[in-house]
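S.K.: The residues making up each chain are set out below.
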Amino acid sequence: MHIVDGALAAPVVIGGAVLAVGGVARGLRDLTLEKIPAAGMLSASFFVASLIHVPIGPSSVHLILNGLAGLVLGWAAFPALFVGLLLQAVFFGFGGLTVLGVNTLNIALPAVIVHYLCRRGLARGTPRIAALWAGMGGALAIALTALGVGLALALSGEAFLPAARLVFLAHIPVMAVEGLLTAAAVYLAAQVKPDLFATVQGPQR
Amino acid sequence: MSDILMQDRAGPEGAALDAIDPRARLIGAAGFACVTVACSWLPLLLAALILAIAFMTLSGRAVGPTLRRMAAMDGFIFLLIAMLPFTTPGDPVFTLLGFAASREGIVHSAEILLTANAVVLALLSLAGTLEPAVMGQALHRLGTPERLVHLLLFTIRYIEVLRAEHLRLRRAMKVRGFRPGTSWHSYRSLGYLVGMMLVRAVERSERVLAAMKCRGFSGRMPVLAAFAYGPRDAVFGAGLGAILIAMLVAEVAHGAF
Numbered sequence: 001m002h003i004v005d006g007a008l009a010a011p012v013v014i015g016g017a018v019l020a021v022g023g024v025a026r027g028l029r030d031l032t033l034e035k036i037p038a039a040g041m042l043s044a045s046f047f048v049a050s051l052i053h054v055p056i057g058p059s060s061v062h063l064i065l066n067g068l069a070g071l072v073l074g075w076a077a078f079p080a081l082f083v084g085l086l087l088q089a090v091f092f093g094f095g096g097l098t099v100l101g102v103n104t105l106n107i108a109l110p111a112v113i114v115h116y117l118c119r120r121g122l123a124r125g126t127p128r129i130a131a132l133w134a135g136m137g138g139a140l141a142i143a144l145t146a147l148g149v150g151l152a153l154a155l156s157g158e159a160f161l162p163a164a165r166l167v168f169l170a171h172i173p174v175m176a177v178e179g180l181l182t183a184a185a186v187y188l189a190a191q192v193k194p195d196l197f198a199t200v201q202g203p204q205r
Numbered sequence: 001m002s003d004i005l006m007q008d009r010a011g012p013e014g015a016a017l018d019a020i021d022p023r024a025r026l027i028g029a030a031g032f033a034c035v036t037v038a039c040s041w042l043p044l045l046l047a048a049l050i051l052a053i054a055f056m057t058l059s060g061r062a063v064g065p066t067l068r069r070m071a072a073m074d075g076f077i078f079l080l081i082a083m084l085p086f087t088t089p090g091d092p093v094f095t096l097l098g099f100a101a102s103r104e105g106i107v108h109s110a111e112i113l114l115t116a117n118a119v120v121l122a123l124l125s126l127a128g129t130l131e132p133a134v135m136g137q138a139l140h141r142l143g144t145p146e147r148l149v150h151l152l153l154f155t156i157r158y159i160e161v162l163r164a165e166h167l168r169l170r171r172a173m174k175v176r177g178f179r180p181g182t183s184w185h186s187y188r189s190l191g192y193l194v195g196m197m198l199v200r201a202v203e204r205s206e207r208v209l210a211a212m213k214c215r216g217f218s219g220r221m222p223v224l225a226a227f228a229y230g231p232r233d234a235v236f237g238a239g240l241g242a243i244l245i246a247m248l249v250a251e252v253a254h255g256a257f
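Line by line, the protein sequences are chains A and B.
With full-length UniProt numbering, letter number 24 in the first sequence gets 24, and the count goes up by one each step, no holes.
With full-length UniProt numbering, letter number 248 in the second sequence gets 248, and the count goes up by one each step, no holes.
Bound conformation, chain A alone (with noise of 0.2 Å):
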């Protein structure tokens, strides 16, 4: 969910940015020009996933794959999810400008704590304990991101208490969606390409 402009209070707004401009700044450390096309093409990647609809019912959700995206990029999904945001609000008018630190950091944050609490168990194990780790991350990153949102409102004012509320409810089925999506999308990478989680990420600067 995108937060537009004039919604928020100031200091929600500006210490979105700052903690923004932190992590997409720690990204980019990780990521060397040998890595930037691989990295801009799984950027690249999780914009054209985010214009998947998947039905749920008699609706449909738009993905949003923040968790993948930290399995796969570790905290250069900071960075390449920025970038995916920056593009969204320039070209599609979603969301706003001020707010691009607030959303990016909604959704990237999670992104980076999934892969602090998957990767372990991405790592050793067969494709189908991958796939459960990647269950729960996939998961674990839309309640995050819809926790964020609703932190976000919370604190720029007590009336959007009831929509922030809300905003998460609404979010429970895409957990579970978007759970189930990543690990099968993690099932199929870990057999058909386990060395994808280590493309991006690395020891080596």
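What the hints contain is simulated information worked out from the structure, not anything from laboratory work.
Mixed in with the good hints there might be a few duds.
[To be verified] Covered stretches of chain A, going by a simulated chain B footprint (3 or more residues, C-beta under 8 Å):
| no. | stretch |
| --- | --- |
| 1 | 35-45 |
| 2 | 70-81 |
| 3 | 92-102 |
| 4 | 111-122 |
On a predicted model such as this, the values are computed, not experimentally measured, just so you know.
Don't be surprised by glycine CBs; every beta carbon is placed ideally from N, CA and C.
Starting from the known structure of chain A, fit chain B onto it as the hints suggest.
M.R.: Structure of chain B alone, referenced to chain A:
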């Protein structure tokens, strides 16, 4: 270059805004957004929206698609805007199904609605009409870190390629009888689709890197862009700057009295 990014964004020859330096347009869009978000007096926000509509007219782009994008953004915030009057305490103006709508809440809703629409409209008209790659180069010239710019340029370059790949895979699924629905099978298949896209993206990036090295890639990439700051840009910058400062002064003066 990127079709999905530039869909119905191509402008007529010689649109007034296209003559302005991309850097001036980016700074203008950012300044406009910051000032509009800082303002909360409704007449000022209305003026901001009118200014944004003026940008849209100057950009010479088709009005319909631009407004459709703006309306899509309104769809996101509809719930928030609709709930605010009823969740903000204050003087009740009317009641709906036993819930009282407060004056303060309605004013707050209107503020958000005007601000969000004005900023998005100005952004779409000033920055969204740039060629995506040009935007990347302009950001580079404005001091964005080199790695971030290259990441942006690579993303822009490959969005369309990967979208074509996605559509190709979807067509292959459709030919084999796949119809998305609410089922375990659907979710698993779409998950495999995403996984396959990632695998192919990484393999493609390996080929791209190999091709770059073959052509002498040495770990540095030049960003080619020649921008010239002209008198037209000075007029644009000074005019917009004056309007934005006037808005800030009006906001402060209104708040003071």
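S.K.: Look at each hint and say if it fits the structure.
M.R.: Results of checking the hints against the structure:
| no. | hint | in the structure |
| --- | --- | --- |
| 1 | 35-45 | holds (count 10) |
| 2 | 70-81 | holds (count 3) |
| 3 | 92-102 | holds (count 7) |
| 4 | 111-122 | violated (count 0) |
Comparing the model with each numbered hint stated earlier shows that hint 4 is the single one that does not hold.
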